[in-house]
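Undergrad: One letter stands for each residue in the lines below.
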Amino acid sequence: MIVLLTDFGLDGPYTGQVQALLHQQAPGVPVVSLFADLAAFDIQGAAYLLPPYTQGFVPGTVFLCVVDPGVGGRRPGVVVRADGRWFVGPNEGLFAILARCVGQIECWQLPDAVHASASFHARDVFAPVAARLARDGKEVGERVSVETLLRPDWPNDLFRVVYIDRYGNAVTGVRASAIPDDAVLKTGDYLLPRARTFSDVGAGVAFWYRNANGLVEIAVNRGSAAHTLGLRLGTGFRK
Amino acid sequence: MIVLLTDFGLDGPYTGQVQALLHQQAPGVPVVSLFADLAAFDIQGAAYLLPPYTQGFVPGTVFLCVVDPGVGGRRPGVVVRADGRWFVGPNEGLFAILARCVGQIECWQLPDAVHASASFHARDVFAPVAARLARDGKEVGERVSVETLLRPDWPNDLFRVVYIDRYGNAVTGVRASAIPDDAVLKTGDYLLPRARTFSDVGAGVAFWYRNANGLVEIAVNRGSAAHTLGLRLGTGFRK
Amino acid sequence: MIVLLTDFGLDGPYTGQVQALLHQQAPGVPVVSLFADLAAFDIQGAAYLLPPYTQGFVPGTVFLCVVDPGVGGRRPGVVVRADGRWFVGPNEGLFAILARCVGQIECWQLPDAVHASASFHARDVFAPVAARLARDGKEVGERVSVETLLRPDWPNDLFRVVYIDRYGNAVTGVRASAIPDDAVLKTGDYLLPRARTFSDVGAGVAFWYRNANGLVEIAVNRGSAAHTLGLRLGTGFRK
Numbered sequence: 018m019i020v021l022l023t024d025f026g027l028d029g030p031y032t033g034q035v036q037a038l039l040h041q042q043a044p045g046v047p048v049v050s051l052f053a054d055l056a057a058f059d060i061q062g063a064a065y066l067l068p069p070y071t072q073g074f075v076p077g078t079v080f081l082c083v084v085d086p087g088v089g090g091r092r093p094g095v096v097v098r099a100d101g102r103w104f105v106g107p108n109e110g111l112f113a114i115l116a117r118c119v120g121q122i123e124c125w126q127l128p129d130a131v132h133a134s135a136s137f138h139a140r141d142v143f144a145p146v147a148a149r150l151a152r153d154g155k156e157v158g159e160r161v162s163v164e165t166l167l168r169p170d171w172p173n174d175l176f177r178v179v180y181i182d183r184y185g186n187a188v189t190g191v192r193a194s195a196i197p198d199d200a201v202l203k204t205g206d207y208l209l210p211r212a213r214t215f216s217d218v219g220a221g222v223a224f225w226y227r228n229a230n231g232l233v234e235i236a237v238n239r240g241s242a243a244h245t246l247g248l249r250l251g252t253g254f255r256k
Numbered sequence: 018m019i020v021l022l023t024d025f026g027l028d029g030p031y032t033g034q035v036q037a038l039l040h041q042q043a044p045g046v047p048v049v050s051l052f053a054d055l056a057a058f059d060i061q062g063a064a065y066l067l068p069p070y071t072q073g074f075v076p077g078t079v080f081l082c083v084v085d086p087g088v089g090g091r092r093p094g095v096v097v098r099a100d101g102r103w104f105v106g107p108n109e110g111l112f113a114i115l116a117r118c119v120g121q122i123e124c125w126q127l128p129d130a131v132h133a134s135a136s137f138h139a140r141d142v143f144a145p146v147a148a149r150l151a152r153d154g155k156e157v158g159e160r161v162s163v164e165t166l167l168r169p170d171w172p173n174d175l176f177r178v179v180y181i182d183r184y185g186n187a188v189t190g191v192r193a194s195a196i197p198d199d200a201v202l203k204t205g206d207y208l209l210p211r212a213r214t215f216s217d218v219g220a221g222v223a224f225w226y227r228n229a230n231g232l233v234e235i236a237v238n239r240g241s242a243a244h245t246l247g248l249r250l251g252t253g254f255r256k
Numbered sequence: 018m019i020v021l022l023t024d025f026g027l028d029g030p031y032t033g034q035v036q037a038l039l040h041q042q043a044p045g046v047p048v049v050s051l052f053a054d055l056a057a058f059d060i061q062g063a064a065y066l067l068p069p070y071t072q073g074f075v076p077g078t079v080f081l082c083v084v085d086p087g088v089g090g091r092r093p094g095v096v097v098r099a100d101g102r103w104f105v106g107p108n109e110g111l112f113a114i115l116a117r118c119v120g121q122i123e124c125w126q127l128p129d130a131v132h133a134s135a136s137f138h139a140r141d142v143f144a145p146v147a148a149r150l151a152r153d154g155k156e157v158g159e160r161v162s163v164e165t166l167l168r169p170d171w172p173n174d175l176f177r178v179v180y181i182d183r184y185g186n187a188v189t190g191v192r193a194s195a196i197p198d199d200a201v202l203k204t205g206d207y208l209l210p211r212a213r214t215f216s217d218v219g220a221g222v223a224f225w226y227r228n229a230n231g232l233v234e235i236a237v238n239r240g241s242a243a244h245t246l247g248l249r250l251g252t253g254f255r256k
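These protein sequence lines map, in sequence, to chains A, B and C. The numbering used here puts the first residue of the first sequence at 18, with every later residue one more than the last. The numbering used here puts the first residue of the second sequence at 18, with every later residue one more than the last. The numbering used here puts the first residue of the third sequence at 18, with every later residue one more than the last.
Think of the hints as simulated: they come from the structure by calculation, not from any bench. Quick reminder that beta carbons are idealized off the backbone N, C-alpha and C, glycines included. Any given hint might turn out to be false.
Covered stretches of chain A, as calculated for chain C (at least 3 residues, CB under 8 angstroms) [as the list claims (entries may be wrong)]: (1) 206 to 214; (2) 225 to 238.
Which stretches of chain C does chain A cover? Using the computed rule of at least three CB atoms under 8 angstroms from a CB of chain A, they are [stated by the list, open to error]: (3) 43 to 57; (4) 196 to 208.
Sample of chain C residues lacking proximity to chain B, with all beta carbon distances greater than 10 angstroms (derived) [what the hints assert, rightly or not]: (5) 29; (6) 33; (7) 121; (8) 125; (9) 126; (10) 192; (11) 239.
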């Protein structure tokens, strides 16, 4: 299976162009878009979503990960093998948190793109590599140190909103296991106690909870946390 | 085929997580999202869309239907077999109108979710059941009375807007066969005569018509009925 | 492969209904949505996107192209074979620019829809034809002159915005090969020089570039050209 995590949107045309290429170059391999609405240009935020949302997939799964404001410039492309799963994309920090979280990891740098467009390496460079990984399961590129993926200046948990879903729930870059269950989170003037799930609090009540992928998520039962609490991508909070 | 009707949105990550699981547990079975933008929390509105938009699919089709504000609470999950098609989802009224519309119907209650997350039963409970139904075609759970699906207090036709599409057309919960062809509908200060289709009226003219799935739909030719008439989800009308 | 270019949106229910029908009538054929967010009612704008975004697909690819405000009226449906690829949709100008750009082209008119709904010929007429073309690769309908596709009054390059993507980049109806590389474009009070790609200019700087499909596109590095420059669908510019 090839799984897409991008900031392309689904409606058109970028995800469709990538899917079409994958169907042609890796026939019969299912292609699923996991995120098409990662925040444009926010590589750091995406880096904290990557480990929790890609864990649990079977070995051999290929993740095509593209938040790429530097496309056409000098940032290198990489292939990462982490606990048997493959990741392909531009190396500007996107795989930095993943590299801290997994057991076994290897890394290859892709050659410079020669016949690629200057603005769509997802289609012209990364998707062909993803298709080849899905077909052959053999690494591509020149072996490089995992150090090239790392961002030592980034914390293990990021205390800000990194994603807002269709309901207005705010996903953060903090693992629920990193804070106590009885932590009360503070954002702006609001105090947010923990709850197990939505229906455990009254309608309109704000809370935080361990979401279905293990991250701290801020929510309002039968309402929008983004709207009610004024949360946006990048809004910080503390415990 | 497995068909999704949800309020998850497509962009990420919920539909993608469900699709990935379905591809793994029911390999080779096509997965199609029919609605990913059902109104969040509006179980009743979705219940009136279910029968017209799921009719005509071949026997054996599995519909995964999730509008689930009560997730993680005590509401039971159900499997419904209606005229040879399968439906899986939380039982808080979503299948109430379907149960009135079909010839042959049976119902099973799913066991309590033990190893599921508290907030994503679509992925952890309902999708594995849908995959199994698509593979085996055998019922799952404990047989219960169809009565458990019903909502006797809900009318056969719901005179309000239950869905607004990308063009601003307003789909209602009323079957076109339930009102006369010459009915003039009233919403706010507007009077809406019937037309056969868009191009039968002038640009900018508001009308109602029998939509391609048999429901009363309010539209404006080459314009947005939602914008022009001030329609929102839940806006009522009368004949 | 069947590729969709429509103004339906993906979330629901129109694209899903078409996909379900295609999976049933052309089992095993991959279906990809390339554009689901073409501007509603803007046939001319879509006509300039069609050639650059459908080139490069292998012969035999079937494109289902629907921007169809005249649905249910007298506009005919057509099948077009252009350089070995198939196109199906309503003939109100959508294929006019394609017909000028390709080497070998043939055209067939579809019979009047008898058993179709009055508002959803994509599902009831064009999708079954697309499925049949994907299965059999044989033409459908009555051979007609390619003249029926043409719009002699339309220019070869359209100096207005025809699509705005998720980042706020504005795609135009002008081929980059039709203007000099050193052209400075003017829109409103803004002067836009050319750049090769985003990272070649500073953050917040506006420019035009040859996009990954060969069209002139107006962009702002790490920003939204639509927002920064006040561009909308239809906004004109000059060189």
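Undergrad: Does each hint hold? Answer for all of them.
TA: Evaluation of the provided hints:
{"no.": "1", "hint": "206 to 214", "in the structure": "violated (count 0)"}
{"no.": "2", "hint": "225 to 238", "in the structure": "violated (count 0)"}
{"no.": "3", "hint": "43 to 57", "in the structure": "holds (count 8)"}
{"no.": "4", "hint": "196 to 208", "in the structure": "violated (count 0)"}
{"no.": "5", "hint": "29", "in the structure": "4 angstroms, violated"}
{"no.": "6", "hint": "33", "in the structure": "4 angstroms, violated"}
{"no.": "7", "hint": "121", "in the structure": "33 angstroms, holds"}
{"no.": "8", "hint": "125", "in the structure": "23 angstroms, holds"}
{"no.": "9", "hint": "126", "in the structure": "18 angstroms, holds"}
{"no.": "10", "hint": "192", "in the structure": "29 angstroms, holds"}
{"no.": "11", "hint": "239", "in the structure": "21 angstroms, holds"}
In this structure, the earlier hints numbered 1, 2, 4, 5, 6 are contradicted, and the remaining ones agree with it.
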